[in-house]
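Chemist: Below, each chain spelled out in residue letters.
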Amino acid sequence: MPLNVPEADYMHSGHMACPGCGAAIAMRFFLKGLGKETVIVLPACCWSIIAGAYPQMSLKVPIIHTAFETGGAVASGVRAALDIRGDTDTTVVTWAGDGGTFDIGFQSLSGAVERNENFIYVCYDNEAYMNTGVQRSSSTPYGAWTTTTPGRSWKRMRKKNIVEALVAHRIPYAATASIAFPEDMVRKVEKAKGIKGSRFLHVYTTCPTGWRIPSEISVKIARMAVQTNIFPLYEVEGGTHYTINYRPKEFPVREYFRLQGRFSHLSDDDLAEIQAMVTEDWELLLGKAGAVRP
Amino acid sequence: MNEEKTPPAVSPLLLARSHITTEGNKTGSWRFLRPRYEEKTPPCSVACPAGEDIGLIEELTNQGMFKEAWETILRENPFPGVCGSVCYHPCEAACNRGEFDEAIAISAIERFLADAARRNDVRPSLSRSAPRREKVAIVGGGPAGLSAAYFLTMLGYGCDVFDGMSEPGGVLRWGIPEFRLPLAILQRDIALIEAQGVRIQGGVQVSEALMRDMDGDYDAVFIACGYTRSRSLGIPGEDLDGIEDGRRFLHHIRLGNRPRLEGLQVIIGGGNTAIDVARTVRRLGGTPLIAYRRRLQDMPAFADEIAMARDEGIALKELVAPLAITPHGDGYILTLGQMHMTGEDDRGRAIVAPDEGAAEELAAAQVFTAIGEEAAQSWCIPPRGDGVVRLNAVVCDFRSGRACRVFGGDLTTDTKSVVDAVASGKEAAIALDILFREGLDAVEPGIRECLVGDGRFCSMEIYRGGTRCHRSSHVVPYDEINADYFQLSRRISQPRLLMEERVATFDAVDLKISASMAIREAERCFNCGLCNQCDNCYLFCPDLSIVRDTTPPGRHIDYDYCKGCGLCVAECPRNAMVLEEETDETGTGGEPGRR
Amino acid sequence: MKQVLEGSQAVAEAVRLARVDVISAYPITPQTHIVEYLSDFVADGTLRASFLKVESEHSALASLVGAASCGVRTFTSSSSQGLALMHEILHWSAGARLPIVMAEVNRALGPGWNIWADQLDSLAQRDTGWIQLYCEHGQEVLDTVLMAYRLAERVSLPVMVIMDAFFLSHTYEPVDVPDQERVDRFLPPFEPRFRLDRDDPVAFSPLVSPQYYMEIRHNAARAMDESVEQLAYIEEVFSEIFDRTYGPVEPFLCEDAEIILVTSGTVTGTARHVVRELRARGERVGLLKIKLFRPFPRDVIRRALGGTEKVAVIDRNCSFGIGGIFAQEVRAALCGLEGCPRVYGYIAGLGGRDVTTGLLEDIYDHTKNSEVPPEVSIWMGLQEVDHALKCP
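Residue numbers (this note's numbering), protein chains in the order written: chain P, 3 to 296; chain E, 16 to 610; chain C, 59 to 450.
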């Protein structure tokens with residue numbers, strides 16, 4: 003039975019994304035859910051390139067490219083201007099990478115959602131500054147190689163929990179999504195569209211180039227991240243009400259790590275330590291959702 | 016309120032603003048691997064002796080296209096109703112879904128499709144080749160003979176079937192009990208065969224003399240008269256009056272007789288005939304006991320049939336062989352010797368030897384023999400030597416000087432079953448068609464060309480150049496299925512009569528399933544290697560390079576933009592695509608290769 | 059109607075009269091009064107606008123990039139550290155050709171923390187592509203903000219209206235606040251030459267390769283150059299409606315002057331007084347006020363200063379390594395002029411230190427008595443300090 007997602011597409015072929023790019027897939031699903039009445043604010047990230055170099059453009063909805071750290075701020079201005087012009091239908095979206103969300107863009111994001119600006123902020127997360135050549139961000143997971151955490155200096159800081167940081171602002175809606183679960187993602191986009199105020203989507207998007215994996219397993223890796231509870235699918239409404247959308251069979255994390263070149267230096271002991279961290283985080287999340295471990 | 020004079024002109028505004036699409040970039044030039052739609056062969060269709068296109072049948076059933084699904088069966092097997100009732104379904108043992116949760120109930124679905132067609136009196140639309148000059152005589156109106164006639168007619172040949180009984184069907188009509196194969200189902204299958212133009216002459220006892228006449232009147236003779244002589248036990252007392260030959264007993268019952276039986280009825284043998292006799296005895300009031308010389312797991316009867324017999328409370332004695340039968344009162348004393356296992360043969364069957372001295376005497380009201388059959392006439396036995404070609408299911412005697420003779424059915428197949436008989440009839444038809452069109456030397460290579468997957472059974476559709484030709488012969492194993500796209504679900508349970516109801520009548524034990532059950536079960540099919548339009552490829556393409564259209568398979572790859580990432584191939588749940596090296600330097604053209 | 063307003067209030071009145079749609083600002087002394095007045099206007103409905111209370115100056119200007127791109131009239135205000143923080147987006151606004159108007163309060167940059175008048179903050183942004191207009195008094199502030207909108211929207215470049223911290227922002231003066239009807243005649247509603255429109259799938263400010271970048275930048279540079287002529291026309295229209303005019307520069311008592319003082323901002327007011335006094339004593343001295351700094355009105359400057367002997371430029375700023383920035387720009391404008399005057403650069407009043415009449419007279423004396431101008435700017439009024447750290 004075909005996966006049930008809306009038919010229409012709002013993207014063109016011929017863009018410059020790497021083969022197998024998860025971010026390209028994510029945008030495709032996102033726009034399927036959101037539709038044509040959309041304007042996109044696009045701070046510096048891989049999508050700045052995928053959107054097309056002058057004079058080309060790869061989307062069927064308008065884009066305003068902006069400086070790296072301004073995703074939340076520019077969207078605030080766009081929203082204010084559209085509202086004052088009498089257009090309250092168009093959805094304003096910020097589409098940012100993990101760099102422009104977790105790090106340099108965090109201030110303007112926090113400022114915008116503290117004001118409960120009426121927009122959807124989507125962070126598509128490939129877990130490093132990929133556009134500039136795979137440097138670490140605070141979204142890079144524990145254990146990963148990047149060009150700024152090379153060799154024995156692999157990243158020993160845990161991935162920042164951006165959803166929790168956003169939830170602390172008590173925004174109306176925050177959710178995680180994955181390119182391997184299109185129906186879930188589209189459902190969340192459609193739901194977010196109908197909510198007013200600040201809405202945040204954290205989308206897991208595989209990067210074959212930066213993660214050192216073959217392009218054809220891009221979606222499989224995304225699926226494994228959810229199946230191992232490394233990237234759980236859940237929603238938080240009003241900053242307090244947690245819903246876990248998918249309870250997988252809890253596969254061990256080992257194979258997920260072993261398939262990716264960026265983790266090839268990790269020993270079995272490291273993997274065991276990581277497994278404990280993943281389990282701990284998952285149990286914390288279960289607690290917040292008021293759920294019980296089976 | 017002065018009027019403003021005209022302001023000085025400003026230059027036109029050029030700002031950084033993109034206004035054309037990226038479609039000018041033919042990113043297909045990036046590619047060093049190229050995906051392609053390529054359907055492959057599901058293992059069920061390889062295991063099926065009739066080579067039925069099972070993956071497609073399930074897909075059509077799932078879509079509610081019952082007539083098309085039924086016609087898909089008929090392209091390879093004229094007996095969907097019969098097989099749906101009595102087939103031993105080797106397809107289900109090969110079903111990949113069995114490694115995930117439970118195999119698809121292919122046989123139940125086949126029966127459903129035949130039932131639905133019969134109830135609605137649907138006529139199939141099957142194509143037939145242009146008429147050919149040659150004529151073929153078919154000796155034996157059982158499943159092999161009728162299949163041969165059916166397929167030869169499909170290929171354009173005039174056929175005459177000669178059968179000794181008053182009604183055709185062979186074992187189907189005169190052997191298998193009605194509680195397994197209701198008469199109406201058989202009659203419908205045969206009626207459709209006749210509707211294709213097959214001429215059946217009943218009541219004709221074929222002799223060597225008649226065969227010589229046929230040599231003159233026909234270009235070929237297909238001999239499928241089956242085994243009509245039971246093997247003898249070779250023990251004292253077997254010729255006593257009243258010792259029943261199991262096969263003859265079944266025939267007697269199929270004539271409509273329902274003798275009342277009482278007391279212990281011992282059936283010697285372990286094949287389907289023995290089981291059928293035992294279950295018939297049960298229904299007639301007797302207490303059946305099966306006595307078999309090897310172990311239960313060595314019995315050649317179909318596993319389902321053995322299970323049914325056990326369910327009906329039929330007792331089994333393993334590792335016993337009859338030594339003598341002596342009369343005793345109104346019945347008999349049957350002396351059974353113990354056997355023991357000395358080892359296993361290369362097929363895992365027990366090799367047994369008698370225990371010295373250990374014997375048991377049983378008082379039985381009746382003894383039935385069912386230890387196997389053999390050819391009754393010498394001309395039924397397939398020859399060997401120069402000019403004789405053994406194909407997969409038939410033996411062809413191409414020696415010049417007379418019309419060639421092809422032997423099939425139980426005479427030649429390893430497994431004695433309906434579907435194997437169908438396979439032999441089909442292979443015979445194909446072999447003869449090749450012989451008539453291209454000559455002797457083309458027969459064996461021609462047969463090889465139309466085998467399904469890496470197996471040894473022919474497909475008529477492949478032979479006739481249908482869409483199955485374009486599939487790769489690679490057989491898809493379970494580990495090539497992307498199981499992430501499927502959820503565990505139970506196989507439907509076959510509705511059956513309750514035990515008390517079963518043994519009281521000769522009504523069919525298996526009841527019909529509903530359309531919704533059939534669809535639900537067909538939906539569980541992985542459609543291994545076949546495109547079922549799930550559109551995963553289309554959905555996951557980051558470059559929107561998969562375009563839906565109206566020509567099969569319903570979509571094509573836009574190689575101008577495809578970067579060869581391979582996601583479509585990886586996310587196809589059923590391996591209906593391949594990823595190959597890009598050979599075209601420009602990456603923009605080239606026809607996809609054939610298999 | 060004439061009111062007594064501080065400079066900040068004059069800004070707010072102008073923004074109100076200009077019917078700005080979206081305001082976005084972050085507080086910093088001494089700009090705070092501007093945003094406070096505007097907050098009141100928005101709160102009580104006097105001004106129907108959106109006021110985004112952003113979390114930093116960088117976000118203030120970035121949010122206006124978003125808003126202006128949608129074709130609405132926008133305003134922000136900042137100073138010193140806040141303006142410096144906006145730097146990246148100052149470049150962006152101009153490159154994106156957005157007609158944003160900013161009221162910039164000239165305040166010193168730290169360290170040390172200093173909230174008083176100094177011009178370095180705005181001058182350090184002179185390369186960002188913003189038009190810069192310096193104001194001397196409250197009326198000029200109000201009028202310049204109105205003219206700024208018309209100019210910005212005509213040439214599609216952002217405009218900074220600049221005033222000294224405290225000396226102008228917090229000083230009360232009589233200011234004529236025009237009525238809305240007259241302002242509406244001068245400044246019609248904004249008709250954007252482009253805007254973000256959901257039905258028009260274009261991308262603003264995408265990646266631009268070497269193949270295309272220069273032409274886009276050249277187009278902006280040309281618009282900047284054309285703004286001199288456009289401003290002159292706008293001043294004509296303004297004068298016809300409001301009967302006030304300023305010009306890119308204003309010569310004062312420059313006919314037959316042998317020495318011309320060059321000033322900007324509130325120092326100009328003090329300089330007028332000193333020049334009148336000196337003239338009364340028979341000195342042949344004049345004053346050139348520079349209002350338009352970007353684009354630097356080269357031709358006008360050459361005409362205004364070409365006939366004199368010496369020019370004394372007073373800079374309330376210093377660019378380390380080259381000295382006073384106005385002096386540098388004047389020297390460059392005069393370069394190659396036949397009979398080019400000798401240019402003396404003086405640095406005075408940094409960090410809000412008073413530029414007194416006495417100091418200006420000293421500058422005049424020094425200029426008069428010197429034959430050859432030093433290559434570097436002369437720091438006026440430096441004090442001795444005895445606590446500088448000595449190196450071993």
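It should be emphasised that the hints constitute simulated quantities derived from the structure, not laboratory data.
Keep in mind that a hint or two might mislead.
To be verified - The list that follows gives simulated cross-link-like pairs (lysine-lysine, DSSO-like), each with its CA atoms no further than 30 Å apart:
hint, chain 1, residue 1, chain 2, residue 2
1, P, LYS198, P, LYS251
2, P, LYS162, P, LYS251
3, P, LYS222, P, LYS162
4, C, LYS60, P, LYS162
5, P, LYS193, C, LYS60
6, P, LYS222, E, LYS527
7, C, LYS111, P, LYS195
8, P, LYS62, P, LYS222
9, C, LYS111, P, LYS198
10, P, LYS198, P, LYS222
11, E, LYS82, P, LYS62
12, E, LYS527, E, LYS20
13, E, LYS82, P, LYS38
As the list claims (entries may be wrong) - Chain E is nowhere near these chain P residues, computed Cβ spacing over 12 Å in every case:
hint, residue
14, HIS14
15, SER15
16, ILE106
Said to hold, decoys possible - Covered by chain E, per the in silico footprint, the following chain C stretches (three or more residues, Cβ under 8 Å):
hint, segment
17, 208 to 222
18, 255 to 265
19, 280 to 288
These numbers were taken from a predicted model, which means no experiment stands behind them.
Ideal Cβ placement from N, Cα and C applies to all residues, glycine included.
Chemist: Can the restraint linking LYS193 of chain P and LYS60 of chain C be considered satisfied, given a maximum Cα separation of 30 Å?
Modeler: With a Cα-Cα distance of about 55 Å, the restraint between LYS193 of chain P and LYS60 of chain C is violated, given a limit of 30 Å.
Chemist: Confirm or reject: HIS14 of chain P is not an interface residue toward chain E, with every Cβ-Cβ distance exceeding 12 Å.
Modeler: 5 Å, violated
Chemist: Could you grab the alpha-carbon distance between LYS62 of chain P and LYS222 of chain P and see if it respects the 30 Å cut-off?
Modeler: Distance of about 28 Å is within 30 Å: holds.
Chemist: If you draw a straight line from the CA of LYS82 of chain E to the CA of LYS38 of chain P, is it 30 Å or shorter?
Modeler: Roughly 42 Å between the alpha carbons, so the hint for LYS82 of chain E and LYS38 of chain P is violated.
Chemist: Would the pair LYS222 of chain P and LYS162 of chain P pass a check requiring their Cα atoms to be no farther apart than 30 Å?
Modeler: 24 Å, holds
Chemist: Taking 30 Å as the top limit, are the C-alpha atoms of LYS198 of chain P and LYS251 of chain P close enough?
Modeler: Not OK: LYS198 of chain P and LYS251 of chain P at ~35 Å, beyond 30 Å, violated.
Chemist: Would the hint linking LYS60 of chain C and LYS162 of chain P be met if the CA-CA limit is 30 Å?
Modeler: 58 Å, violated
Chemist: Taking only the CA atoms, is the gap from LYS222 of chain P to LYS527 of chain E under or equal to 30 Å?
Modeler: Since the Cα atoms of LYS222 of chain P and LYS527 of chain E sit roughly 41 Å apart, the hinted pair is violated (cutoff 30 Å).
Chemist: Would you check the hint for LYS111 of chain C and LYS198 of chain P, treating anything up to 30 Å between C-alpha atoms as holding?
Modeler: At roughly 19 Å apart (the allowed maximum being 30 Å), LYS198 of chain P and LYS111 of chain C satisfy the hint.
Chemist: Are all C-beta atoms of chain E more than 12 Å from that of ILE106 of chain P?
Modeler: 22 Å, holds
Chemist: Take a quick look at whether LYS82 of chain E and LYS62 of chain P sit within 30 Å of each other, Cα to Cα.
Modeler: It is violated: about 44 Å lies between the C-alpha atoms, which goes past 30 Å.
Chemist: With a C-beta cutoff of 8 Å, work out whether three or more residues of the segment 255 to 265 of chain C approach chain E closely enough for the coverage to hold.
Modeler: With 5 residues closer than 8 Å to chain E, the segment 255 to 265 of chain C meets the three-residue bar; holds.
Consistency note: the structure conflicts with the earlier hints numbered 1, 4, 5, 6, 10, 11, 12, 13, 14, 15.
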